[in-house]
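With chain A fixed as given, assemble chains B and C onto it according to the hints.
Chains as they are written, first to last, in my numbering: chain A, 99 to 399; chain B, 2 to 309; chain C, 5 to 510.
Don't take every hint at face value.
Unchecked claim - Sample of chain A residues with no beta-carbon within 12 Å of chain C, all distances over it, derived: (1) 138; (2) 164; (3) 165; (4) 181; (5) 187; (6) 206; (7) 214; (8) 222; (9) 230; (10) 232; (11) 241; (12) 258; (13) 299; (14) 302; (15) 374; (16) 394.
To be verified - What follows is a list of derived Cβ distance ranges for each label pair: (17) A:154 <-> B:135: 35 to 43 Å; (18) B:207 <-> A:144: 57 to 65 Å; (19) A:214 <-> C:310: 47 to 55 Å; (20) C:283 <-> A:173: 57 to 65 Å; (21) A:320 <-> B:100: 48 to 56 Å; (22) A:152 <-> B:168: 50 to 58 Å; (23) B:96 <-> A:237: 27 to 35 Å; (24) A:156 <-> C:310: 31 to 39 Å; (25) B:100 <-> C:310: 52 to 60 Å.
Just so you know, these hints were derived from the structure itself, not from any lab.
It should be emphasised that the depicted structure is a prediction, and the values quoted were computed from it without experimental measurement.
Glycine included, every Cβ here is placed at the ideal spot set by N, Cα and C.
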Amino acid sequence: MEKALTPKSAGIAASNQAMPALTQGQRWRWLREMNVTIRVATVVLLIMVLAVVLADFIAPGDPTAQSLRARLTPPLTNPDYLLGTDGTGRDLLMRLLHGGRVSLLIGITATIIGTVVGVALGVVSGYARGWVDEVISYVAEVQLSLPFVLLAIAVALVLGRSLAVLIGLAALSTWPLYSRVVRGEVLSLREREFVVAARALGGNSTHIILRHLLPNIAAPILVLATINIGRIILLESGLSFLGIGIQPPTPSWGNMISDGREVLPVAWWISTLPALALMLLTLAIGTLGDWLRDVLDVAVG
Amino acid sequence: MARFLAFRLLRTLLTLLGVVALTFVLGRLTGDPVALMLPQQATLDDYNRMRAALGLDQPLLVQFVRYLEGLTRGDLGRSIVFQRPAAEVVAERIPATLALGAPALLLSVMLGVPLGMWAAYQRNRLPDRLIAGLSLAGQSLPSFAIAIVLILVFSVTLRWTPTFGSDTWRHYILPTITLTLYPLAIIIRLTRSSMLEVLNQGYMRTAAAKGLSDRIRATNHALPNALIPVVTVIGLQVAAIISGAAIVEAVFAWPGLGTLAVGSIGGRDYPVIQTIVLISAAAFGIGNLLVDLAYFAIDPRIQTKAGG
Amino acid sequence: MLKQWFRLVVAVCIVMSVVGFTAAQDSAPTLTIGINAEVGAFDPHSVPGSIIGNRIFHMMFDQLTRTDSQGLVQPMLATEWTQTDDTTWVFTLREGVTFHNGETMTAEDAAFSLNRLVFGEQESSIRTLYTPFIAGVEATGELELTITTVAPDPLLPLRLSTPYSAIMPQAYVEATNFEALQTAPIGAGPYRMTEFIAGDRIVLERHDNYWMGAPEAATVTIRLIPETSTRVAALQAGEVDLITTVSPDLVDVLDAENALRVDTVPVYNFMLIYFNTTMGITQDSLVRRALSLAIDREAIADALWGGRVRVMNDFFLPGEFGYGAERPIFPYDPEQAQALLAEAGYDGEELPFTPPSTYYTNGQLVTDAIAEMWEAVGINVAYEPLDTAAWADRSLGGQNIATLQSFGTSGDPATNSVVQTWNSWLGQYYTPSEEFNTLAAEAAQSLDNDVRLANYRRIAEILETDVPFTPLYQSVEFYAMRDGITWTPHQEFYIDLRPGAFNFGS
Numbered sequence: 099m100e101k102a103l104t105p106k107s108a109g110i111a112a113s114n115q116a117m118p119a120l121t122q123g124q125r126w127r128w129l130r131e132m133n134v135t136i137r138v139a140t141v142v143l144l145i146m147v148l149a150v151v152l153a154d155f156i157a158p159g160d161p162t163a164q165s166l167r168a169r170l171t172p173p174l175t176n177p178d179y180l181l182g183t184d185g186t187g188r189d190l191l192m193r194l195l196h197g198g199r200v201s202l203l204i205g206i207t208a209t210i211i212g213t214v215v216g217v218a219l220g221v222v223s224g225y226a227r228g229w230v231d232e233v234i235s236y237v238a239e240v241q242l243s244l245p246f247v248l249l250a251i252a253v254a255l256v257l258g259r260s261l262a263v264l265i266g267l268a269a270l271s272t273w274p275l276y277s278r279v280v281r282g283e284v285l286s287l288r289e290r291e292f293v294v295a296a297r298a299l300g301g302n303s304t305h306i307i308l309r310h311l312l313p314n315i316a317a318p319i320l321v322l323a324t325i326n327i328g329r330i331i332l333l334e335s336g337l338s339f340l341g342i343g344i345q346p347p348t349p350s351w352g353n354m355i356s357d358g359r360e361v362l363p364v365a366w367w368i369s370t371l372p373a374l375a376l377m378l379l380t381l382a383i384g385t386l387g388d389w390l391r392d393v394l395d396v397a398v399g
Numbered sequence: 002m003a004r005f006l007a008f009r010l011l012r013t014l015l016t017l018l019g020v021v022a023l024t025f026v027l028g029r030l031t032g033d034p035v036a037l038m039l040p041q042q043a044t045l046d047d048y049n050r051m052r053a054a055l056g057l058d059q060p061l062l063v064q065f066v067r068y069l070e071g072l073t074r075g076d077l078g079r080s081i082v083f084q085r086p087a088a089e090v091v092a093e094r095i096p097a098t099l100a101l102g103a104p105a106l107l108l109s110v111m112l113g114v115p116l117g118m119w120a121a122y123q124r125n126r127l128p129d130r131l132i133a134g135l136s137l138a139g140q141s142l143p144s145f146a147i148a149i150v151l152i153l154v155f156s157v158t159l160r161w162t163p164t165f166g167s168d169t170w171r172h173y174i175l176p177t178i179t180l181t182l183y184p185l186a187i188i189i190r191l192t193r194s195s196m197l198e199v200l201n202q203g204y205m206r207t208a209a210a211k212g213l214s215d216r217i218r219a220t221n222h223a224l225p226n227a228l229i230p231v232v233t234v235i236g237l238q239v240a241a242i243i244s245g246a247a248i249v250e251a252v253f254a255w256p257g258l259g260t261l262a263v264g265s266i267g268g269r270d271y272p273v274i275q276t277i278v279l280i281s282a283a284a285f286g287i288g289n290l291l292v293d294l295a296y297f298a299i300d301p302r303i304q305t306k307a308g309g
Numbered sequence: 005m006l007k008q009w010f011r012l013v014v015a016v017c018i019v020m021s022v023v024g025f026t027a028a029q030d031s032a033p034t035l036t037i038g039i040n041a042e043v044g045a046f047d048p049h050s051v052p053g054s055i056i057g058n059r060i061f062h063m064m065f066d067q068l069t070r071t072d073s074q075g076l077v078q079p080m081l082a083t084e085w086t087q088t089d090d091t092t093w094v095f096t097l098r099e100g101v102t103f104h105n106g107e108t109m110t111a112e113d114a115a116f117s118l119n120r121l122v123f124g125e126q127e128s129s130i131r132t133l134y135t136p137f138i139a140g141v142e143a144t145g146e147l148e149l150t151i152t153t154v155a156p157d158p159l160l161p162l163r164l165s166t167p168y169s170a171i172m173p174q175a176y177v178e179a180t181n182f183e184a185l186q187t188a189p190i191g192a193g194p195y196r197m198t199e200f201i202a203g204d205r206i207v208l209e210r211h212d213n214y215w216m217g218a219p220e221a222a223t224v225t226i227r228l229i230p231e232t233s234t235r236v237a238a239l240q241a242g243e244v245d246l247i248t249t250v251s252p253d254l255v256d257v258l259d260a261e262n263a264l265r266v267d268t269v270p271v272y273n274f275m276l277i278y279f280n281t282t283m284g285i286t287q288d289s290l291v292r293r294a295l296s297l298a299i300d301r302e303a304i305a306d307a308l309w310g311g312r313v314r315v316m317n318d319f320f321l322p323g324e325f326g327y328g329a330e331r332p333i334f335p336y337d338p339e340q341a342q343a344l345l346a347e348a349g350y351d352g353e354e355l356p357f358t359p360p361s362t363y364y365t366n367g368q369l370v371t372d373a374i375a376e377m378w379e380a381v382g383i384n385v386a387y388e389p390l391d392t393a394a395w396a397d398r399s400l401g402g403q404n405i406a407t408l409q410s411f412g413t414s415g416d417p418a419t420n421s422v423v424q425t426w427n428s429w430l431g432q433y434y435t436p437s438e439e440f441n442t443l444a445a446e447a448a449q450s451l452d453n454d455v456r457l458a459n460y461r462r463i464a465e466i467l468e469t470d471v472p473f474t475p476l477y478q479s480v481e482f483y484a485m486r487d488g489i490t491w492t493p494h495q496e497f498y499i500d501l502r503p504g505a506f507n508f509g510s
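Chain A with its partners taken away, still in its complex shape (with noise of 0.2 Å):
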């Protein structure tokens, strides 16, 4: 399966100054640079967003309904199945509406969890040090050596296909690559003159991670949690090629687009459709990703 990959000890090269406050001027620099490009990619998102959130009202009814006599129906031809149907006669429209929900509900929330837990053991991480630190980068090193996909299948195979195993292993996916970044981070951060200030001036660890570590290794987070959200979708589709996607019939993009490709030859929609958009939802946050690390000015992969 894809990986991100971030730079270990490298670090990400973020912003090396505290952030100043931003002026007025700067406060609006970003909409002046929004281009065509990310202004479409920001449209495309929403839309896709709403789309989804609003499946029950755009196509009510229930994704996993079948219709035997009716398999197989091409989009366009018949006007109870706008974009037609799938192998056992389910709404192809519904299913990518609630399908989407399904991927993107995996990519956000698996991100969340992932990056707040990869935060939170980078910066104790690196700012502990000593043995904490040692285990901490143990276990990251013994999950990173195991091929993904094999742990991935193991995992899957032993707690079953529901959405909170496979957002516990996107997640799981995650956590490592943060908490190298992170660490990397803090442990610059830390010999830096306001951190020392700080701590010369009495200031108790949770209040320095809070007030100046954190705030200075946002911005980078922030790209990297936008670009792992199209990973973790793409991630979600390479485990339903190999059967352990989310349990059928509850629909996702990755499991339709898998298995609609052994019939591709006799009913092209069914793979194709699915696949159409989450290219353009992966593209759209790509784009929004590579525009917010050049506003934010951050350098990550």
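Then chains B and C, alone, in the frame of chain A:
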């Protein structure tokens, strides 16, 4: 340096032990292969007899100790599916995966680093935007979908390339493209941003002020510094190679470690799974050690930090 | 610097293409077959039995008997056999049969092989097919083999017709270590294995001294292509001549292509759902009957199989002794199903439905549909398709409540899973009555066909009442191949390439 190496080696060994233990427990939690092997007519007695013959009736700890004992003798066990030594079964598959993974990695570096540098120098101009588009596209579809589309277009419709297998160089085209896209995109992005970062550094401005030519500035000053994170990524790719290959190999019927790994989990062939994990973890350890050594080569000022 | 880099990359590509274009294409009379799964080891006496094993071993090994396309037992390495008393059989072996290594087969080889299969030291999961029946094997002449059975067993010749009872040369097997044997098997079949690259291919060369005469294809290359869409693409692109396990939805499309043909063969087993009669809501036979009535088998056959499978109307298959041809198909009646559920006092308890997800062709689509049909009559289905090993584990552990399964037969209900299977691990799910067992035992040994027929029909009635399982449809296999090839698929999944069975056409 020697102390650093010794420390790293010890650490790698500890990691391997952790990996082996984790795989052992997790593998056995997924159930055993005996039910899969028996015909429908088999009785529960047959089942128990077969389990005993494979030593699967023993407590987990006993099985683990036996496995470790075997390891110290260099015995990785016998594959349940192939009925031959697991080491032999796994070793046969390594060349195919290397033959696919190495060119993919090489191509993504050979193309990704210069493209990323170019994009950085052309920041916000047309080439930068085109390259950004390319790298986004490489990360926008799951690899199995890309692979199937490539086969349908180039093999079935145009008949330019073979659909599957690994016989001639032509067979390498589609799988290599599929496997290259994702790391290529990552390396482009990484090189670009890390290059931009370096170009803003004081020493680059100093070099410019000293009147050094663009080219010398790029190769002697910017590149080495910008390459550090890229080298790290390459190190991490060594572990990702089996994961990435698992899907690409499955689509293109490529006889490598990836398909063996997934198939062995399907068949609960523990000795083979454990051997694959052991080898890939060792490769990951060695890869990272090489990365650390590469840091020295690129920039001798970097301090060796144990556990870094 | 950048320009130099790109020049280098372009140069590498150009050199590679020049090298490639000069590589010539060869066109030996090779048959290339694309299969969906592989066999890892080639010692027929120790491997697990499998569909894919049936396909491949049948090309490499011969055994005493074989079944023809009607399922009747025919001579192979044995020319004739007689039963000298209740438990003793004498087989006369064919003269002048040579193994792949040139040695001539003797009764010693045959005795050695069958003894190794049943009693050998090697671990063997396939052995369980023979140990309950065979008591001893002995060479009693140059070409005479005597086999004693544990109990009277009219089906012994049939049992010896699978390629797992292959005859191998004693001297070779004894001289070869077990692990080496796995990749260098020697048998007496029409093809000899010359190369095995795990995960990739098996290369077979024609056995020129094969007793039936040399087969048509000089070389057979079996390529492993697990991904169905790739396997189909490889056939369309002309890289393979024949593929197994085609998705039913693609049959029409491939058949319509100019250069291709799809053959459909009903196989000797049928799909069914079995229930756990000892736990869960399926303990109640009313619930089991309701579950059976809720399944619209015709819709499944028409919509998911393009009408290419035969909906079951009996517990036995057409051609099998005792088959009730006049019976109507198993009924679909959702109203009655709901009534039965109400009568059983069903109030929404969960029904775990744990079929294998990829093991059976089209299996997941079929179980998706069945889960939905059960939901439609008000059952609260917990539908969880499992990976094959997990499903097998769960099945042997007696933990299924309802699952998908196939039952096979070899032409007589005495070998049929329907009658015999309850002695195996499946006995955990259903214990047949005393009457059932008596009828089955009597039918297996009786020589009076009227008695046997009556007994089997009575067994069908018992199954109808008890509903330990409910049949769905008879399985089929689809083979897609290059037009012009003459070949008839076998109902036991065998790929038979013997002289007369296969030729390339013009």
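Cross-check of the supplied hints:
1. With a minimum CB-CB distance of about 30 Å to chain C, residue 138 of chain A clears the 12 Å threshold, and the non-interface call stands.
2. Look at residue 164 of chain A: its CB is around 5 Å from the nearest CB on chain C, not clear of 12 Å, so calling it non-interface is violated.
3. Non-interface call for residue 165 of chain A relative to chain C: violated, since the shortest CB-CB distance, roughly 9 Å, does not exceed 12 Å.
4. Separation of residue 181 of chain A from chain C is adequate, the least Cβ-Cβ distance of about 19 Å exceeding the 12 Å criterion.
5. The Cβ of residue 187 of chain A does not lie farther than 12 Å from every Cβ of chain C; its closest approach is about 8 Å, which violates its non-interface assignment.
6. The claim that residue 206 of chain A lies off the interface holds: its Cβ sits roughly 26 Å from the closest Cβ of chain C, which is beyond the 12 Å cut-off.
7. Every CB of chain C lies more than 12 Å from the CB of residue 214 of chain A, the least distance being 31 Å, so the non-interface label holds.
8. The beta carbon of residue 222 of chain A sits about 38 Å from the closest Cβ of chain C, which is more than 12 Å, so the claim that it is off the interface holds.
9. Every CB of chain C lies more than 12 Å from the CB of residue 230 of chain A, the least distance being 38 Å, so the non-interface label holds.
10. Listed as a non-interface residue, residue 232 of chain A keeps its Cβ farther than 12 Å from every Cβ of chain C; the least gap is roughly 37 Å.
11. For residue 241 of chain A, the non-interface assignment is confirmed: its Cβ lies about 23 Å from the closest Cβ of chain C, beyond the 12 Å cut-off.
12. The non-interface label for residue 258 of chain A is inconsistent with chain C: the shortest C-beta to C-beta separation is roughly 7 Å, within 12 Å.
13. With a minimum CB-CB distance of about 50 Å to chain C, residue 299 of chain A clears the 12 Å threshold, and the non-interface call stands.
14. At roughly 50 Å from the closest C-beta of chain C, the C-beta of residue 302 of chain A stays outside 12 Å, upholding its exclusion from the interface.
15. Non-interface status of residue 374 of chain A relative to chain C is upheld: no Cβ of that chain comes within 12 Å, the nearest being about 18 Å off.
16. Remark: the non-interface label on residue 394 of chain A is consistent with the geometry, its nearest Cβ contact in chain C lying 28 Å away (cut-off 12 Å).
17. Range check, residue 154 of chain A to residue 135 of chain B: Cβ separation about 38 Å, and the 35 to 43 Å hint holds.
18. Checked against the hint of 57 to 65 Å, the pair residue 207 of chain B and residue 144 of chain A fails, with Cβ atoms roughly 45 Å apart.
19. As the Cβ distance of residue 214 of chain A to residue 310 of chain C is approximately 51 Å, the hint placing it in 47 to 55 Å holds.
20. For residue 283 of chain C and residue 173 of chain A, the Cβ-Cβ distance of about 45 Å falls outside the hinted range of 57 to 65 Å, so the restraint is violated.
21. Between residue 320 of chain A and residue 100 of chain B the Cβ separation comes to about 40 Å, which falls outside the hinted range of 48 to 56 Å.
22. Between residue 152 of chain A and residue 168 of chain B the CB atoms are about 52 Å apart, so this pair conforms to the stated range of 50 to 58 Å.
23. One distance hint, 27 to 35 Å for the beta-carbon pair residue 96 of chain B and residue 237 of chain A, holds here, with the actual separation near 33 Å.
24. Between residue 156 of chain A and residue 310 of chain C the beta carbons are some 33 Å apart, a value that agrees with the proposed interval 31 to 39 Å.
25. Between residue 100 of chain B and residue 310 of chain C the beta carbon distance is about 41 Å. The supplied range of 52 to 60 Å is therefore violated.
Hint compliance for this structure: hints 2, 3, 5, 12, 18, 20, 21 and 25 are broken, all remaining hints hold.
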